Structures are given as structure tokens and as C-alpha cells.
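*Asks:* Its first residue numbered 1, the sequence shown is counted upward by one per residue in this note's numbering.
Since the hints were made in silico from the structure, they are not lab data. Computed from a predicted structure; not experimentally measured. Possibly wrong hints are sitting among the right ones.
[What the hints assert, rightly or not] Simulated restraints on C-beta separations:
#1 Ser401 <-> Asp515: 40 to 46 angstroms
#2 Ile69 <-> Val508: 20 to 26 angstroms
#3 Ile69 <-> Ser228: 31 to 37 angstroms
#4 Pro428 <-> Phe475: 21 to 27 angstroms
#5 Pro17 <-> Leu181: 20 to 26 angstroms
#6 Ser441 <-> Phe210: 35 to 41 angstroms
#7 Glu41 <-> Pro428: 46 to 52 angstroms
#8 Glu477 <-> Ala44: 48 to 54 angstroms
#9 Asp227 <-> Val453: 38 to 44 angstroms
#10 Leu181 <-> Thr246: 29 to 35 angstroms
#11 Ala44 <-> Arg243: 54 to 60 angstroms
#12 Arg243 <-> Val508: 48 to 54 angstroms
#13 Asp481 <-> Gly32: 46 to 52 angstroms
#14 Ala497 <-> Ser401: 27 to 33 angstroms
For every residue, glycine included, the Cβ atom is placed at its ideal position computed from N, Cα and C.
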Amino acid sequence: MLDMFLAQAPAAPLEVPSVDYAAVLPMLIVFGVACIGVLVEAFAPKATRWGIQVTISLVAIIAAGVSLILYATGSSSSKAGTTTFSGSISVDRPSLFLWGTLLLLGLGAVFLIADRKVEAGGAFVAQAAIRPGTVQDRAQSATTSQTEVFPLTLFALGGMMTFCAANDLLTMFIALEVLSLPLYLMCGLARRRRLISQEAAVKYFLLGAFSSAFFLYGLALLYGYADSVKLADIAHAAAGSDRSDTLLFAGLGLLVVGLLFKGSVGPFHTWTPDVYQGAPTPVTGFMAACTKVAAFGAILRVLSVGFSSTSWEWRGVMWAVAIISMALGAILGLTQTDVKRMIAYSSVAHAGFLLVGAIAMTEDGLSSTLFYLLAYGFTTLAAFGVVSLVRDSSGEATHLSAWAGLAKRSPLLAGVFTFLLLALAGIPLTSGFVGKFVVFSAALSDGMAPLVVVALVFSAVAAFFYLRVIVLMYFSEPAADGPTVTVPGGFTTAAIALGVVVTLVLGVLPAFALDWAGAGGFAS
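All chains should be modelled from the sequences, with the hints used to inform the complete structure.
*Replies:* So this is what it looks like as C-alpha cells:
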């Protein structure tokens, strides 16, 4: 019987997916070098691993950036956009902009992670579960930093690049897991404050798995509705189908919950303060900057490509989510006494501002949101670099009382942090001001004046807790037994300088970045 069936139904030849290797070369370089980094950990002598890992990580990011520039400036298909891997990856102008942003932020993150002067031996240990104060703890304190963190960083970075370029939901889900799993591990590798670091890793893992389940369930419902996981097919089914919209909007709702979780959008932000506080500060900076870029890149693609024809049905809900995120971030940020938790709630508020641009559904809305992601990422990365330098005997001194009188102990560091806080508040001549201006302008042009008014109010509220830290640094007396300001190594200095320079340049000369962000739309 089986032989008769096989004879009557010959197997169709497998279709080989078409791949535009030039278009996806930046992503392939990052993943390829991440795999090489794993081999380095397996075969290279321990004494040489740190130098090798730092070198290949920096070379990978720079090489990926060069290939990105060559493709963007020399390929005719880059202007109109192209899809590859059988349509599962879309390489268009928004993808190229997001990839460039991620690579630059990844470069800064590798600088922070590589520094071994701020924390003697490095900020990471492999056996973070060793109980503090034991013989094993003292022995491990004398060891150098673990270098597995470098390939983990590259795997996460490659996952982020895939996530924001994914053109179908299944590829997007796989990319979500690829970027998430290394971050779960990296959060628990802190040399200091290990218990809170382990707590952060467990919370991030459990809540991340929960949000991934929402995403996957939404994917299943949308597949049931459209018989496809491709965003273009879902859009076609939504625009021309007489089927019930129950599956469509239930699937969209569950899908967006998973995306909003990754973007630290309230009320799906509950992991953010604890994880930002507990993770090693270089990892916190990497997460705060790069994960936000990747998550909102995916949100923009899903809403613009897959659900633009039904925008009137879901925009009201997204208005409410944006307002909740801005309110929670601004109001709860006022109550924080820890610098890292304060920046975490700032991230929640900024996620609400970003959502204002994301739901505008216009070319200006897309370009302004991309610019905001670029501006926010560099400011936040540099801010966490500064936080890593204020230390006491237990590690980083993140309680606000430790920052009292910082300007008297280190005027330069206080000045840099003041500039970054003003940028987060949206003060003119900083990238934060330009970012908010273009996002709110795009929303006004799309008829969302009430939402812009609410955003301006919460932006003013959020500015208060930035100014509170500035007043504390300049108009308070430092404690006699207060923390010290560590002299940064070359890597940390480079990361902070990169963030400050980009924040200033985008605030004074934003035209180039705005033009690049608005160079084209999504390809499907």
C-alpha cells in the first residue's frame, strides 16, 4: 500500500531559498564571528582569550559596519529594498538604518564590557552563584573576567539585527529567542552584588518566557486567520477577506504584548527596573540601548507592513498604552532612590514617547521614530557608562545619596552626566530635544494633538527627576565617607565619549540622520 502511494505521488523537488548574500552580509559577519568566539573559548589558552575576544568582537562590528555602508551606498536594490531567504528577511532602508544604529551601539557596549580597569579583574564571573564571603568567593575575586560574555554579546546583537528585519512572524520569533537567551545569562554574571544580579536574571528569564508565549500564541492565531506567517500575506488577508476579525485582532493583541515587553513599554515593563538595577552595568547599558532599538524596529514593521489597513481598529488601544507607559515612567520615576532604577523608569517613559511616533503610520512618523531610537540609544549607553564609575567598597554606588556633591569630587564626570540627563529630558541643543520635536510633529500632522499634549505634560514631569539628580550633584555636600569616582580605562572613556559626541552632534546637526531615517519605507 505504501509503495503504491509513493508511486502515485512523487515528491516535489525541494525549493532552494534565494539568498542575497551582499544584503545580509552584516548579519552573517556578526553571527559568524560569534561562532568563532565560542571556538576561542574551547581551544585558546585562558591567558590569551580576553585579547582575542575583544579583538575579534571589535573587528566583527567594524567589518559588519563597512559591509553595511558599501551595500547601502553601492547597491541599487538597497534604495528600493529587497527580501531574501525566501522573503523571510527584508533588507530595506529602515532595516539598514536600524542595523547601523545597532552596530554603533554594539561597538559602545563592547567597549564597556571589555574594560577591566573600572572593576579589577573585569565585571563578569562564571560562577556567580558562589556564596559571598566564602573561600571560593575570595579565590574567584582574584581571577580575571570571564570572556564568554563577548560571543554572547555578538549572538544577542545578531539576533537583534534579525529581529528588526524579519518579514515573517516565525523568523521574528526565532530572532526574539536568539537575542533573549544570551541576555538572560549575561544578567546573572555580575562579579559584585551577585544576589541581586541572580535575581535579575531569574526575573528576566521567567517574564521573558511568559511574554514569548504571548507572542507565539498570537502568531498561531494569525496563522489560522491568514494561512501564512508572512506580514504581507496577513495584510492582504486583512484588507480583502470577509472572515471574522476575531482571530485577527486577538492574534495582533497577543503579538503586540510580546513586542511591548521587549520594548519596556508600560504596563508590560515590570521586569525593567529590577533587571536594570541587578544586571552588570555594561549589560544594562547594552540592553537599555540595543533591545529598545530592536523591539521598536519590529513594532514598526509589524504595524506598518502587516496591519496598516486596520489601523483605525487598533490605534485607540495603542493610544491608551502610550499614555499608560508615559504616566508610569514619569510618575514612578519620581519616587526612585536608585540611579539605575530611575533610568529604568525613564526608559519606560521614553517607550511611551516612541510609541507616539510609531502609531502615526506616516513617513514622518517612521523617520522620526527611527531618529529617536538613534538618539535615545547613545544617550542611555553613555549614561550607564558614567554610572559604572561611581563606586564604593561593594561595587557601584547607585543610591542617590552617594551622588550628593559629585560635582565637587569630579566636576568633569558630573558635567558629562548633567549633559546626558538634560538630553533625556529633551533640552534644546541635545539629540533628545530634536527626537521629541520630530516625533511630536509627526503625531500632530497625523491628527493626534490630544496625545501630543499628554506627552508634553509627562515629558515635563519626567524632567523633574532628571533635574533632581543635577541639583543633588551640584548643590549638596559630599559625604565624608562617600564613594569614589574611578578613573575610567580607555574602553569606558571611548564608550562615554562616543555617546556624548553623538548626542551633541544629533542635537546641533540632525539633518543627515533625519535624511537617512526618511530615505525609504518598508519592503514586503
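*Asks:* How does the Cβ-Cβ distance of Pro428 and Phe475 compare with 21 to 27 angstroms: does it lie in that range?
*Replies:* holds, 23 angstroms
*Asks:* With 48 to 54 angstroms as the target window, see if Glu477 and Ala44 comply at their CB atoms.
*Replies:* Given a distance of about 50 angstroms, which is inside 48 to 54 angstroms, the answer is holds.
*Asks:* Holds or violated: the 38 to 44 angstroms window for the beta-carbon distance between Asp227 and Val453?
*Replies:* Roughly 43 angstroms apart at Cβ, these two residues keep to the hinted range, so it holds.
*Asks:* Does the Cβ-Cβ separation between Arg243 and Val508 fall within 48 to 54 angstroms?
*Replies:* holds, 52 angstroms
*Asks:* Honestly, do Ser441 and Phe210 meet the 35 to 41 angstroms range at C-beta?
*Replies:* Since Ser441 and Phe210 have Cβ atoms about 37 angstroms apart, the given range 35 to 41 angstroms holds.
*Asks:* Honestly, do Pro17 and Leu181 meet the 20 to 26 angstroms range at C-beta?
*Replies:* Given a distance of about 25 angstroms, which is inside 20 to 26 angstroms, the answer is holds.
*Asks:* If I claimed the Cβ atoms of Ala44 and Arg243 lie 54 to 60 angstroms apart, would that claim hold in this structure?
*Replies:* Cβ of Ala44 to Cβ of Arg243: about 57 angstroms, so the range 54 to 60 angstroms holds.
*Asks:* Between the beta carbons of Ile69 and Val508, is the distance compatible with 20 to 26 angstroms?
*Replies:* holds, 23 angstroms
*Asks:* Does the Cβ-Cβ separation between Ser401 and Asp515 fall within 40 to 46 angstroms?
*Replies:* Since the Cβ atoms of Ser401 and Asp515 sit about 45 angstroms apart, the hinted range of 40 to 46 angstroms holds.
*Asks:* CB of Ile69 to CB of Ser228, is that within 31 to 37 angstroms?
*Replies:* holds, 34 angstroms
*Asks:* Take a look at whether the Cβ-Cβ distance between Asp481 and Gly32 falls inside 46 to 52 angstroms.
*Replies:* Distance hint for Asp481, Gly32 holds at roughly 50 angstroms.
*Asks:* Between Ala497 and Ser401, is the Cβ distance one that fits in 27 to 33 angstroms?
*Replies:* Hint holds: Cβ distance 28 angstroms, inside 27 to 33 angstroms.
In this structure, none of the earlier numbered hints is contradicted; all agree with it.
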